[in-house]
Amino acid sequence: MKSHLRVKTYFAILLMIIFGPLGNVMLGKGMKRVGEISVHSPAQIFHTLVTIFSTTEIWIGITFLITFFLTYMLVLSWADYTFVQPSSSVSYGMVALLSHFLLREAITPLRWLGVLVICLGVFIVSWTPPRTTGGPNAA
Amino acid sequence: MPREIVLLFFVVCAGTMGELCISRGMKMVGEVRNFSPRNLLYVILQVIRVKWIWLGFSLEATAFFSLLWVLSFANVSEVVPVTSMSYAVGALGGKLFLRERVTRERWTGILLVTVGVILVLIGRS
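Same order as they appear, the protein sequences are chains A and F. All residue numbers for the first sequence refer to numbering that gives the first Met the number 0, where the first residue is 0 and numbers rise by one. All residue numbers for the second sequence refer to numbering that gives the first Met the number 0, where the first residue is 0 and numbers rise by one.
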């Protein structure tokens with residue numbers, strides 16, 4: 000990969016591992032503001048949907064997730080899937096860090112260990128060839 | 000806890016099945032090579048005629064609202080790591096539903112993800 004493409008790819012991956020987790024954290028923050036959902040009647044469901052989509056954090060979260068998704072699609076237009084995808088493993092660690100520092104969520108050592116193992120597992124899954132059904136890249 | 004598990008089940012399974020349905024639907028539409036506005040409009044018209052795509056969108060919407068619901072009472076640091084189970088469900092679905100071959104390395108990664116999710120769930124504060 001040429002150096003300018005490499006820089007562009009790393010920058011896009013950085014945006015992905017910031018905006019994806021931040022989007023989820025904002026959705027979490029927004030939903031805590033909405034409060035626990037009850038779905039006992041159609042009127043209650045409608046009221047809940049109106050409340051959800053009137054919450055600023057929800058829209059910020061959705062915007063961040065769309066930014067993540069667009070960046071992901073763009074980076075795949077010039078970089079290899081097998082190069083980009085393993086970076087998503089970092090997102091799980093990022094979510095835990097952001098939840099801890101921005102939402103003040105208590106995370107036990109066992110949960111940190113679990114997140115670390117998930118990161119490793121996702122990295123291995125993403126690093127294996129994406130095409131296995133035949134053709135020149137088949138494993 | 001049971002309500003959380005049920006909602007997480009919907010987030011993971013409906014989300015992954017939605018992706019598989021969209022993938023199957025898009026395979027029926029075929030690869031998009033021409034990105035001119037006229038051709039993209041033609042592709043969109045083809046896409047909305049495929050039942051798998053509608054089923055996929057419905058499942059994705061179910062997963063998104065289940066995610067919002069579970070986030071209304073559960074911690075983000077618990078919910079998001081658990082959604083990584085979609086890698087396991089995706090591999091199983093890809094193997095059974097799309098007849099894809101899953102490599103040994105991929106199964107190893109999926110096993111690690113599953114162990115990690117169990118640790119996250121039992122590691123409550």
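What the hints contain is simulated information worked out from the structure, not anything from laboratory work. Hints may be right or wrong, so weigh each one.
[Unchecked claim] EDC-like, lysine to aspartate or glutamate: derived pairs with alpha carbons at most 20 Å apart:
#1 A/28 <-> F/3
#2 A/31 <-> A/56
#3 F/26 <-> F/3
#4 F/50 <-> F/3
#5 A/31 <-> F/18
#6 A/28 <-> A/56
Against the structure, the hints:
1. About 17 Å separates the Cα atoms of residue 28 of chain A and residue 3 of chain F, which keeps this hinted pair within 20 Å; it holds.
2. A threshold of 20 Å between alpha carbons decides the hint, and for residue 31 of chain A with residue 56 of chain A the separation of about 10 Å falls inside it, so the pair holds.
3. Pair hint residue 26 of chain F plus residue 3 of chain F does not hold up; C-alpha atoms about 34 Å apart against a cutoff of 20 Å.
4. Among the hinted pairs, residue 50 of chain F with residue 3 of chain F is inconsistent with the structure: their alpha-carbon atoms are about 31 Å apart, more than 20 Å.
5. Note on residue 31 of chain A and residue 18 of chain F: the hinted pairing is violated, with a Cα-Cα distance of about 28 Å set against a maximum of 20 Å.
6. Taking the CA atoms of residue 28 of chain A and residue 56 of chain A, the gap is about 7 Å. The hint holds against a cut of 20 Å.
Hint violations for this structure: numbers 3, 4 and 5, all remaining hints satisfied.
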